[in-house]
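Asks: Listed below, chain by chain, are the residues.
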Amino acid sequence: MRAVIAEDLALLRDGLTRLLRDNEIEVVASVGDGDALVHAVLRERPDIAIVDIRMPPTFRDEGLRAALALRERVPETAVLIISQYVEETYARELLADGGGGVGYLLKDRVMDVRTFVEAVRRVADGGTALDPEVVAHFVGRRDDRLAALTPRENEVLALMAEGRSNASIAEALVLTVGAVEKHVASILQKLRLPPSEETHRRVLAVLAYLDSSS
Amino acid sequence: MSAMIDWWKRTARAQVWAVLLLDLFVLVLWAAGGFGSLWWIWVWLPTGLLVGWAWWAGRPVSPLARHVGQVSLIGLFLIGVWMASGFGDFWPVWPIAALAFVTGLRAVTRRQQSDTRVEELTHRRAGAVEVAESQLRRIERDLHDGAQARLVALGMNLGLAEQQLDKDPEKAQEHLAEARVSAAAALQELRDLARGIHPPILADRGLEAAIDALAAHAGVPVSVDVELASRPPDTVETAAYFVAAEGLANALKHARASRIDIDVHEREGGVVVRVLDDGHGGASEADGGLHGLRQRVEAQDGTLRIASPEGGPTVIEAVLPCAR
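Chains as they are written, first to last, in the numbering used here: chain A, 1 to 214; chain B, 1 to 324.
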C-alpha cells in the first residue's frame with residue numbers, strides 16, 4: 001500500500017512515516033501544506049492520503065479543504081484526516097458525497113498502533129473510519145429519524161459510524177456476526193435508505209446519524 | 001458627501017497654496033492697476049481666514065487650544081473687516097464676546113464628558129485586566145493538575161518499563177500500557193483546555209458554525225440565527241462566541257430551560273448577541289460566569305444586559321462595537 005502524508009510538524013510527520021513503514025505501508029511522499037498535498041497526490045496517485053487539518057499558510061482548516069478538493073479530483077485516492085480536535089461539521093462535509101474511502105480521527109489514535117493501522121487499511125480499501133469522539137456526541141440524542149431504532153440498534157449504528165465491520169461490531173458488543181447483520185439490515189430499513197451497494201449504504205446510514213444533529 | 005469631505009481633507013495643503021497664489025495674483029493686479037484703492041484687502045481677509053482655519057485644524061493641540069485659536073482667528077478677521085471699512089463704532093466686540101462665551105461653555109461640558117468617559121474606561125480596563133488574570137490563573141491550574149501531572153506519570157511508567165524490560169517483560173508491557181493511557185488523558189485535557197481558550201472551529205469557520213457546534217451538544221432544542229454581512233474583527237468574534245457559550249451554559253445549568261434561542265445580528269456597526277431561554281429565570285452575576293462575561297464584554301467597550309425575573313424568561317444581550 002502507498003500513502004502520502006501531509007503534516008506540517010516535522011516531529012509528527014517523521015513519527016507517522018516510521019509508524020506506517022513499520023507496518024508495511026510505503027510512504028511515497030510527505031509534505032507540509034495543502035497545495036503540496038494536492039501536487040503530491042496528483043503526481044504519486046497513492047492509495048491513501050493522511051492529512052492534518054491545520055497547516056500553513058493560515059493554520060485553519062486548509063488540510064480539510066485540500067482533502068475535499070482531492071475527493072473531487074482524485075476520487076480513487078482515499079483520504080484520512082487526522083487532527084488535534086474533531087468537529088462534527090467537518091465529519092459531515094467529508095462524508096457528504098456518500099462515497100467511502102474517508103476517515104476522520106483524532107491524532108491521539110496513533111497511540112493505539114494496531115487499531116490505527118487497521119483504520120488506515122480500511123479507509124484505503126474504500127471503508128470509513130470516524131473517531132469515537134465524533135460518534136459519542138450523537139449517542140443518546142433524540143431525533144425523529146433515529147427514534148425508531150432500538151437501543152441495541154443505536155449501539156450498532158454508533159459502531160458502524162466509526163467504520164467498523166460487522167465482525168468487529170460483533171466482537172465489541174459480544175454478539176454473533178449473524179445477529180449484527182440482522183441489526184444492520186433493520187437499521188438500513190428503518191432509515192429508509194435506497195437499496196444499493198453495501199459500503200455505500202453504510203456511509204449513508206452514518207450520514208443520517210450525523211445529520212440528526214442539524 | 002463623505003467622499004467630498006475626504007477629498008477636501010486630502011487636498012488641504014494644495015488648497016492653502018492655491019489660496020496664497022490667489023492672494024499674490026490679486027496683489028500683482030493691484031500693482032499693475034497703479035496702486036489705487038486698497039480693494040485687495042477684501043480678497044485677503046476671507047482667504048486669510050480660510051488659510052488660518054486650515055492651519056489650526058491641522059495642529060496636534062488640545063481641544064481648548066484649538067478653540068482659543070479659532071475664536072482668535074475669527075476675532076482678527078472681524079477686526080480686519082472693521083478696520084478695512086473705515087473704523088467707526090467698534091461693533092466686532094459683540095460677535096467676539098458671544099463666540100467666546102459659547103466656545104467656553106462647550107469646552108467645559110466636553111471636559112466633563114471626557115472625565116466621565118475616562119472614569120468608565122479606567123473601570124473597564126481594570127475589569128479586563130482582572131478577567132485576563134483569572135483566566136491565566138485557571139489555565140495554569142488546569143495545566144498543573146492535569147496535563148503536567150499526566151506527563152509525569154507517563155514518564156514514570158516509561159522509566160519503570162525501561163528498567164524491567166529484561167527482567168520482567170510482562171510487567172514492562174503493563175507499564176507501557178499505563179503510559180499510553182496517561183498520554184491519552186493528557187491529550188484530552190489539553191484539547192479541552194485549548195477549546196476553552198479559543199475553539200478551533202471559530203477561527204476556521206466563524207461564528208455561525210461555532211455556535212451551531214455549541215448548540216448541537218446542548219441536549220435541548222436550540223435555534224441559532226446568525227445574520228452578519230461579513231466576519232467581524234477577531235476580538236469581537238471571540239467575545240460574541242463567549243456570550244453565546246456562557247448564555248447557553250447559564251440556561252442549561254441554572255434555568256433548566258427547555259428551549260433556547262441564540263440570535264446574532266448587526267446593528268449600527270456593531271454586533272448584537274442575544275440569548276433567550278424559557279427557563280425559570282433568576283440568573284445572577286454572583287455565580288461568576290455572568291460576571292466574568294460582563295467584564296469580558298465591557299473590556300471591549302460593549303454593553304451587557306441581563307433580564308432574568310423570577311419565573312423567567314431570561315434574556316442576555318450583549319452589544320459589541322466593531323471599530324473597523
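Any given hint might turn out to be false.
What the hints assert, rightly or not - Quick list of the computed label-pair ranges, beta carbon to beta carbon:
1. Leu-19(A) / Gln-173(B): 13 to 21 Å
2. Arg-13(B) / Thr-58(A): 37 to 45 Å
3. Leu-173(A) / Glu-133(B): 33 to 41 Å
4. Pro-57(A) / Leu-105(B): 55 to 63 Å
5. Pro-57(A) / Ser-230(B): 19 to 27 Å
6. Arg-21(A) / Ala-194(B): 47 to 55 Å
7. Glu-208(B) / Thr-176(A): 40 to 48 Å
8. Arg-305(B) / Arg-2(A): 53 to 61 Å
9. Gly-126(A) / Val-129(B): 49 to 57 Å
Just so you know, the hints here were simulated from the structure itself, not pulled from any lab data.
All of these numbers come straight from a predicted model, not from anything done at the bench.
Cβ coordinates follow ideal geometry from the N, Cα and C atoms, glycine included.
Asks: So, for every hint listed, does it hold in this structure?
Replies: Hint by hint, here is what the structure shows:
One distance hint, 13 to 21 Å for the beta-carbon pair Leu-19(A) and Gln-173(B), holds here, with the actual separation near 19 Å. At roughly 41 Å, the beta carbons of Arg-13(B) and Thr-58(A) sit within the given window of 37 to 45 Å. The given range of 33 to 41 Å is broken by Leu-173(A) and Glu-133(B), whose C-beta atoms sit roughly 49 Å from each other. The supplied range of 55 to 63 Å is met by Pro-57(A) and Leu-105(B), whose beta-carbon atoms lie about 56 Å from each other.
Under the hint 19 to 27 Å, the C-beta atoms of Pro-57(A) and Ser-230(B), about 21 Å apart, fit the expected range. Checking the proposed 47 to 55 Å range against Arg-21(A) and Ala-194(B) shows it is violated: the Cβ atoms sit about 30 Å from each other. The hint said 40 to 48 Å for the Cβ distance between Glu-208(B) and Thr-176(A), and at roughly 46 Å that hint holds. The supplied range of 53 to 61 Å is met by Arg-305(B) and Arg-2(A), whose beta-carbon atoms lie about 59 Å from each other.
About 56 Å separates the C-beta atoms of Gly-126(A) and Val-129(B), a value consistent with the hinted range of 49 to 57 Å.
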